[in-house]
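Quick note, the sequences are listed as chains A and B, same order. Number 131 in our numbering belongs to position 131 of the first sequence; there are no gaps in the numbering. Number 179 in our numbering belongs to position 179 of the second sequence; there are no gaps in the numbering.
No wet-lab data here; the hints were simulated from the structure. Predicted model, so just to flag it, every value in this text is computed and none were measured. Don't take each hint at face value.
Result set (DSS-like, lysine-lysine): computed pairs, CA atoms no more than 30 Å apart in a straight line [claimed, not checked]:
id : chain 1 : residue 1 : chain 2 : residue 2
1  : B       : 198       : A       : 25
2  : B       : 36        : A       : 21
3  : B       : 36        : A       : 25
4  : B       : 25        : A       : 25
5  : B       : 22        : B       : 120
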Amino acid sequence: MLAIDVPVALLSGLALAEAGKNMLKSDDPNRHHFMRTAVLLFAAFFITPIPFYFFLGWPAWEVNFLWRWQDNLHDSPLYSATRVALYAGGGSGGGLARRPPTVGYVGRAQALRGRMAADARPEAIPANTARHTLRLLVESLADI
Amino acid sequence: MVQIDIPAAFVAGMLFIDLGRKTLKADSSTTEGSRKPATYYRYLFRAIFFAGFVIAPAGIYLLAGWPGWEQIYWSRRFEQVMHTGWLNPLLPAGFVMAIVLAGYVGHVLGYRWLMAGKEKRLRPAYIGILVAVGLVVLYNYPSFLLMGTYDQYHNLYGQSRETMASVWSNPYGFTAAWVGVMCYFVVALVFAVWRILKENAVRDTGR
Numbered sequence: 001m002l003a004i005d006v007p008v009a010l011l012s013g014l015a016l017a018e019a020g021k022n023m024l025k026s027d028d029p030n031r032h033h034f035m036r037t038a039v040l041l042f043a044a045f046f047i048t049p050i051p052f053y054f055f056l057g058w059p060a061w062e063v064n065f066l067w068r069w070q071d072n073l074h075d076s077p078l079y080s081a082t083r084v085a086l087y088a089g090g091g092s093g094g095g096l097a098r099r100p101p102t103v104g105y106v107g108r109a110q111a112l113r114g115r116m117a118a119d120a121r122p123e124a125i126p127a128n129t130a131r132h133t134l135r136l137l138v139e140s141l142a143d144i
Numbered sequence: 001m002v003q004i005d006i007p008a009a010f011v012a013g014m015l016f017i018d019l020g021r022k023t024l025k026a027d028s029s030t031t032e033g034s035r036k037p038a039t040y041y042r043y044l045f046r047a048i049f050f051a052g053f054v055i056a057p058a059g060i061y062l063l064a065g066w067p068g069w070e071q072i073y074w075s076r077r078f079e080q081v082m083h084t085g086w087l088n089p090l091l092p093a094g095f096v097m098a099i100v101l102a103g104y105v106g107h108v109l110g111y112r113w114l115m116a117g118k119e120k121r122l123r124p125a126y127i128g129i130l131v132a133v134g135l136v137v138l139y140n141y142p143s144f145l146l147m148g149t150y151d152q153y154h155n156l157y158g159q160s161r162e163t164m165a166s167v168w169s170n171p172y173g174f175t176a177a178w179v180g181v182m183c184y185f186v187v188a189l190v191f192a193v194w195r196i197l198k199e200n201a202v203r204d205t206g207r
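Sequences and hints are given; from them, build the entire structure.
Below, the structure written as structure tokens:
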């Protein structure tokens with residue numbers, strides 16, 4: 001279900017960042033590139049296809065019968081774009097680590113908010129977290 | 001088209017290796033043993049990112065909105081994914097995975113050839129694949145010029161190919177959508193190629 005799959009995608013990105021935190025903290029660019037490639041592959045093969053499959057086959061159930069639009073996507077540029085949005089959402093959820101420092105940062109910030117990480121460093125998180133995260137994500141695109 | 005998108009991802013992975021061969025070779029000579037240089041993963045990321053965030057969304061968009069045309073009317077299954085069992089919705093999901101996998105394989109194979117001193121194979125390989133794909137599409141003429149359903153194209157169940165619309169008459173908003181998709185693809189490809197060429201130029205000048 002969409003209400004579950006999107007948060008799971010985000011959590012998967014954070015979990016991968018946590019699992020690879022030593023690589024992310026490393027100064028070795030080899031490890032950074034390896035990490036973000038691994039996250040992208042994970043998103044493409046294990047996160048995105050699952051909600052995509054259910055959204056295609058059983059769209060109403062996938063969105064908890066909240067709307068009608070998803071039942072008729074053919075021959076409509078706007079509605080067919082929703083599938084792309086779903087795909088991108090699934091991919092970007094796990095793909096927060098496109099730039100390792102970003103996901104390391106996002107992971108720490110989120111973990112601190114949820115009080116899930118004992119080693120999170122408050123001083124590393126600026127006041128405007130959302131803007132800073134957005135800036136890092138834009139930088140990560142420029143780093144491609 | 002499904003028939004183009006999957007090979008295109010493979011070609012993109014190999015093309016990036018070909019364009020960045022100087023950098024990749026130079027960096028591989030500085031690493032020890034079987035360890036791969038940082039640029040290997042950088043190029044791998046580029047190949048997968050391009051496949052996953054440029055080719056796949058373009059393919060999904062057209063497959064979702066105009067499923068018959070997107071696979072040039074090879075199968076009815078792509079038009080009937082909803083509430084038709086477990087197999088049909090698996091096809092578009094598998095299509096996405098195949099695109100990403102093709103990008104990965106294109107990169108890995110290209111890098112192997114490059115490191116084995118067989119870089120002369122790269123260009124004929126990806127150009128040959130593009131030509132082969134083009135021939136497959138042309139062989140299915142006039143499917144790529146007509147917009148409609150599988151049954152219409154194959155004159156099944158009382159439907160007729162004569163009733164299909166031209167793709168250039170913007171049927172169901174298709175032409176506008178296709179132009180948008182192509183613009184997105186071309187801009188992304190030019191950007192990726194420019195990044196790689198610039199990186200290699202910097203390496204050449206030693207700056």
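Now the hints, each set against the structure:
no.	hint	in the structure
1	B:198 - A:25	holds, 28 Å
2	B:36 - A:21	holds, 20 Å
3	B:36 - A:25	holds, 19 Å
4	B:25 - A:25	holds, 27 Å
5	B:22 - B:120	holds, 13 Å
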